[in-house]
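Participant: Assemble the whole structure, with the sequences as input and the hints as a guide.
From first to last, the protein sequence lines are chains V and E.
In this text, residue positions in the first sequence follow our numbering: the first is -1, and each later residue adds one.
In this text, residue positions in the second sequence follow our numbering: the first is 9, and each later residue adds one.
Treat the hints as calculated values from the structure; they're not laboratory data.
Don't take every hint at face value.
Quick partial rundown of chain V residues pointing at chain E, CB under 8 Å, derived from the structure [to be verified]:
| id | residue |
| --- | --- |
| 1 | Val63 |
| 2 | Leu91 |
| 3 | Leu92 |
| 4 | Ile98 |
| 5 | Ile173 |
| 6 | Gly183 |
| 7 | Ile214 |
Residues from chain V that keep clear of chain E, each with C-beta distances beyond 12 Å, as calculated [stated by the list, open to error]:
| id | residue |
| --- | --- |
| 8 | Val133 |
| 9 | Arg204 |
| 10 | Leu227 |
| 11 | Gln230 |
The structure presented is a predicted model; accordingly, all values stated were derived computationally and were not measured.
We put the beta carbon where it would ideally sit given N, CA and C, even for glycine.
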Amino acid sequence: MSDIKVFAGLGRTAMEVLQALIPLIIALLLTPRFIELPQGFLSKTLKGLLFTFIGLTLLLHGINVGFFPVGQLMGEIIGSQDNRWIAIPIGALLGFVAAIAEPGLRVLGSQVEEASSGAVRQNVILYTVAIGVGVIVGLGMARIIYGIPLLYIVIPGYVLLIILLRFTESSFSAIAFDSGAVVTGPMVVTFILSLGVGIATAMENRDPVTDGFGTIALVALAPILSVMLLGQIYKNKD
Amino acid sequence: MSAVVPIMTVVIVLQLTLVKTPPAVIGQFLVGAVFVFVGLFFFLYGVNLGLLPMGHLIGTELPTKGSIVFFVLVSFILGVAVTVADPDVMVLANQVATVSDGEISRLVLILVVACGMGFFVAVAMLRIVLGVPIQYLLAGGYGLLLILALFAPPSYIPISFDSGAVATGPLIVPFVLSLGLGTASVLQGRSPLKDGFGLMGLASLGPILAVMLLGVIYA
Chain V
-1 MSDIKVFAGL GRTAMEVLQA LIPLIIALLL TPRFIELPQG FLSKTLKGLL
49 FTFIGLTLLL HGINVGFFPV GQLMGEIIGS QDNRWIAIPI GALLGFVAAI
99 AEPGLRVLGS QVEEASSGAV RQNVILYTVA IGVGVIVGLG MARIIYGIPL
149 LYIVIPGYVL LIILLRFTES SFSAIAFDSG AVVTGPMVVT FILSLGVGIA
199 TAMENRDPVT DGFGTIALVA LAPILSVMLL GQIYKNKD
Chain E
9 MSAVVPIMTV VIVLQLTLVK TPPAVIGQFL VGAVFVFVGL FFFLYGVNLG
59 LLPMGHLIGT ELPTKGSIVF FVLVSFILGV AVTVADPDVM VLANQVATVS
109 DGEISRLVLI LVVACGMGFF VAVAMLRIVL GVPIQYLLAG GYGLLLILAL
159 FAPPSYIPIS FDSGAVATGP LIVPFVLSLG LGTASVLQGR SPLKDGFGLM
209 GLASLGPILA VMLLGVIYA
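Facilitator: See below:
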């Protein structure tokens, strides 16, 4: 128990977050040249950026020290068991809960709720995306275990996507594609990638890099489909 | 609270039943979960106070200042600026340098990905102003993606998809989202719900297409 890491690497993460924030800080400081800012806007926004910096640093640090090692080890344990199919329900469950914890998705959900004046709740978006991620991670695990080629899942997925695009309202299509982009954030990518890499490492004849990364390509597709399906439900409500 | 508890519960239940990892690893996980819990709280508080109002303000003011050229140019610059500084893009640049045996330098890749992002942010913002249906742009973008995927060397394909995920980091998402929502909220005949979304979806296509294009050119 003595070798548990608590703060190791925190400084480096902080520097990375700071670096990513710099252009946004510059943009903020330049805006008064073009736009008349409301009273107190600058100080309030800077305070917000400071909290964002602290929060994102802690969040990414927690993912690095806690979620990455446990994901990989769980993957290795599951991959070396006799009943490997167990990885399918476990993967689905972990995909679902990891998506719920994804920070960007909460922001997207809250923006949808606000823009729709509460007609589409944040949690509806959150759980719809999470269900999509859960299903696809389960499929992704089945793919690794049984050696199903990635294209066998990706091609039907894209065909379904094109069909759904024809029947979905533009607002839901836009939100769907945003969800797909947003869900591949630090939590889902790190956790699901480490799980996939762990399983592929424990099994023979599997390439951890190809198999692990393929799962992330699938994860980006899933919420697009599930949110467009959600759009059909809202269409029927009207 | 509701964000981190489900994943903690699942990991702990698995630990007690099917997947028994050593106690040290579970200890490590719990330490990490505490950081994520506190971090997510501060992050969301900060985003609501800072990035969202800032993106929204720039988005609402941009169409009223000067010409459409200025509007497109600023959108492009903002897209480039937020991507260039992202640490994940640096990691990606190293990966690409490896697959291409150093033929594609890190600097080239970072610039190409950032310009891809900037281009699509500008296109997506312009779409809101002109009222172009998002389906056309998405269909066009994905069609182009499929064509490029046929010609790009196989080793570039997974990396290109990765670059799409890279360019949608947790800082870029709130800023770019609120930028589009801001613009859609001030223009006549546009509504945030109908026209404001889709920026991230389109923007993430930019880096994917840019990296594939690099692969086609260098192959």
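Participant: Could you run down the list of hints and mark each one as holding or not?
Facilitator: Results for each hint:
1. Val63: holds (5 Å)
2. Leu91: holds (6 Å)
3. Leu92: holds (6 Å)
4. Ile98: holds (5 Å)
5. Ile173: holds (5 Å)
6. Gly183: holds (6 Å)
7. Ile214: Hint on V:Ile214: holds, closest Cβ of chain E at ~6 Å, below 8 Å.
8. Val133: At roughly 16 Å from the nearest Cβ of chain E, V:Val133 sits farther out than 12 Å, so the non-interface label holds.
9. Arg204: The claim stands: V:Arg204 keeps its Cβ more than 12 Å from every Cβ of chain E (closest is about 15 Å).
10. Leu227: holds (16 Å)
11. Gln230: Given that every Cβ of chain E is farther than 12 Å from that of V:Gln230, nearest at about 15 Å, it holds.
Taken one by one, the earlier hints all hold for this structure without exception.
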